[in-house]
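Peer 1: What follows is the residue order along each chain.
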Amino acid sequence: MPRYAMVVDTQRCVGCADCVVACKTENNVPDGFCRDWIVQDVTGVFPALHMEIRSERCNHCENAPCVRCCPTGASYIEEGGIVLVDHDKCTGCKACIAACPYDARYVHPEGYVDKCTFCIHRVKEGLEPACVEVCPTRCLHFGDLDDPNSEVSRLLKTRHHHTLIPEAGTEPKIFFLT
Amino acid sequence: MHEVTITSGRNMHLIDPYLTIWGWEIPVYLFLGGLVSGILFFSALFYLRGKGDQYPTMVYRTPLFAPFFLALGLLALFLDLEYKLHVFRFYTAIRLESPMSWGSWTLAVIFPMSILWALMHLHRVYPQIRLPFRWLNQGIAFLNRHARLFAWILIVYASLLGMYTGILLSAFNARPFWNTAILGPLFLVSGMSTGLALNLLLARDHREIRLLSKIDVMAIAVEIFLIIHMFMGFLASTQIHIEAAKLFLGGPYTAEFWILVVGLGLLFPGFLELLEISGRRIPRQIAASLILFGGLLLRFIIVEAGQYSQWFSW
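Order-wise, the sequence lines are chains A and B. Here the first sequence stands for residues 1 to 178, numbered as in this note's numbering. Here the second sequence stands for residues 1 to 314, numbered as in this note's numbering.
In short, the hints are calculated from the structure, not lab data. These figures come from a predicted structure and were not determined experimentally. A portion of the hints provided could be inaccurate.
Stated by the list, open to error - Cut-off 25 Å, straight-line C-alpha distance, at most; resulting in silico cross-link-like pairs (SDA-like, lysine to any residue):
{"no.": "1", "chain 1": "A", "residue 1": "LYS24", "chain 2": "B", "residue 2": "ASP53"}
{"no.": "2", "chain 1": "A", "residue 1": "LYS24", "chain 2": "A", "residue 2": "THR158"}
{"no.": "3", "chain 1": "A", "residue 1": "LYS89", "chain 2": "B", "residue 2": "GLY23"}
What the hints assert, rightly or not - Pulled a few chain B residues facing chain A out of the computed Cβ check, cut under 8 Å:
{"no.": "4", "residue": "THR20"}
{"no.": "5", "residue": "GLY23"}
{"no.": "6", "residue": "PHE90"}
{"no.": "7", "residue": "ALA93"}
{"no.": "8", "residue": "SER98"}
{"no.": "9", "residue": "MET100"}
{"no.": "10", "residue": "LEU275"}
C-beta: ideal position from N, C-alpha, C; glycine also.
Required output: the full structure, derived from the provided sequences and hints.
Peer 2: Written out as structure tokens, the structure reads:
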């Protein structure tokens with residue numbers, strides 16, 4: 001069984017937000033909401049400043065607090081380790097939103113909680129997620145962590161990388177190359 | 001410097017710039033749940049001790065309000081749901097890892113129990129009222145024959161209800177201000193205290209008022225100890241927990257928490273109750289109302305502050 005992950009090359013990302021637009025279009029994300037977004041993280045003291053540009057989304061955590069706290073089982077981990085929400089089981093209680101340290105979820109105007117699905121409908125057809133496919137700088141990579149020959153495994157073996165808030169213990173599966 | 005900015009334009013309803021997913025409904029429910037927990041716990045406890053005739057308000061009269069308060073709390077919970085038609089989904093799954101699942105099943109047990117407990121004692125408060133239906137009278141008579149067992153179960157479920165209201169929040173690791181194990185016992189004791197306060201408001205007999213004041217002073221002392229302990233725990237923890245504590249130690253919640261909740265909602269009514277115990281006649285409604293007000297405000301502030309505290313600050 002695959003273990004899907006995404007690798008974001010922050011050395012190549014220019015923050016153009018094409019991934020954000022592609023996601024909104026592909027997934028009919030309603031106005032005012034987004035499943036992915038661009039962050040500029042600036043550290044240092046002027047003039048020695050360092051800026052990391054990141055394309056962020058649900059981290060599809062291996063130890064997902066949103067799945068643990070869901071009272072109805074609507075939030076679940078699909079085959080391949082993709083964290084999903086079953087709209088038919090969701091009550092909109094918002095416990096999963098409170099449980100997510102990345103604030104990656106939102107309430108869809110229809111009442112259920114929504115988030116990034118890694119474009120599972122495309123992945124099942126052998127395609128890449130929409131954000132990965134449109135990225136003009138090829139900074140987004142998607143693949144199977146358990147396959148040592150996959151692009152994501154190769155990049156993680158050869159490049160320095162980090163995850164977001166690893167101290168929360170959620171074991172995120174979005175990796176940022178530095 | 002360390003500055004994190006979202007540049008793709010993100011301002012999602014209820015999420016940004018900080019969570020506002022839970023408005024008035026959740027604190028109102030947490031308050032009413034705690035209140036009912038306190039009412040039922042002391043009613044069952046003193047019933048088991050055979051003190052029903054000595055303390056009729058606590059054991060028989062106040063529990064008559066419990067089902068109504070719990071129904072209002074459940075209504076608030078229902079109003080909070082974004083997908084109201086799916087409310088039944090809480091009862092199509094048992095999720096042992098989810099505190100909210102535990103809570104919904106606890107409510108499914110204690111709500112009917114609170115109605116039955118009220119019906120079991122209705123004739124003692126209003127002897128003129130006759131229950132309709134033969135089957136209902138037979139059922140209540142059956143329960144009255146097993147009232148001690150019923151009271152024991154009620155004590156367990158009332159404690160679960162009171163404790164759960166805090167555990168629900170403390171299970172959210174993502175919100176540093178909620179992420180403390182103290183919230184469970186704090187909400188339990190606060191719920192007990194508000195239950196006692198409602199009893200105090202309704203009690204007429206001076207001996208009962210003195211007993212209620214005595215127990216409530218102890219509850220208030222424990223509550224203050226837990227609040228101090230909670231902040232000590234935060235300050236001895238990681239930076240994000242220290243930042244969460246700072247919201248109350250110089251931050252935006254400082255004045256309302258320490259003056260209104262701790263000062264006016266705990267210390268002052270506690271002082272009035274001490275005067276009552278020492279024999280001075282103080283209008284009991286003042287202390288009781290302040291404790292109820294403090295209990296409600298405590299939940300409003302904790303629910304909001306938890307959503308305000310976060311790992312990131314962008």
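Peer 1: Per the CB criterion, is ALA93 of chain B less than 8 Å away from chain A?
Peer 2: The hint holds - ALA93 of chain B has a Cβ within 8 Å of chain A, the shortest such distance being about 5 Å.
Peer 1: Next pair to validate is LYS24 of chain A with ASP53 of chain B; report whether the Cα-Cα distance is within 25 Å.
Peer 2: Given pair LYS24 of chain A, ASP53 of chain B is violated - Cα atoms ~67 Å apart, limit 25 Å.
Peer 1: For the hint on SER98 of chain B, just tell me whether its beta-carbon gets within less than 8 Å of chain A.
Peer 2: holds, 5 Å
Peer 1: If you take the shortest Cβ to Cβ gap from GLY23 of chain B to chain A, is it below 8 Å?
Peer 2: Interface hint status for GLY23 of chain B: violated (11 Å vs cutoff 8 Å).
Peer 1: Can the hint on LEU275 of chain B be confirmed by a CB-to-CB distance to chain A that is less than 8 Å?
Peer 2: Result: violated, 42 Å to nearest chain A Cβ.
Peer 1: Are LYS24 of chain A and THR158 of chain A close enough, with their CA atoms no more than 25 Å apart?
Peer 2: With a Cα-Cα distance of about 32 Å, the restraint between LYS24 of chain A and THR158 of chain A is violated, given a limit of 25 Å.
Peer 1: Between the alpha carbons of LYS89 of chain A and GLY23 of chain B, is the straight-line distance 25 Å or under?
Peer 2: Holds. LYS89 of chain A to GLY23 of chain B sits at ~23 Å (cutoff 25 Å).
Peer 1: MET100 of chain B was flagged as interface toward chain A. Is the shortest Cβ-Cβ separation under 8 Å?
Peer 2: holds, 4 Å
Peer 1: Double-check PHE90 of chain B for me: the hint is only fine if its C-beta lies closer than 8 Å to a C-beta in chain A.
Peer 2: Interface hint status for PHE90 of chain B: holds (6 Å vs cutoff 8 Å).
Peer 1: Against chain A, with CB atoms and a cut of 8 Å, does the hint on THR20 of chain B hold up?
Peer 2: violated, 10 Å
In terms of the numbered hints stated before, the structure departs from hints 1, 2, 4, 5, 10, listed from lowest to highest.
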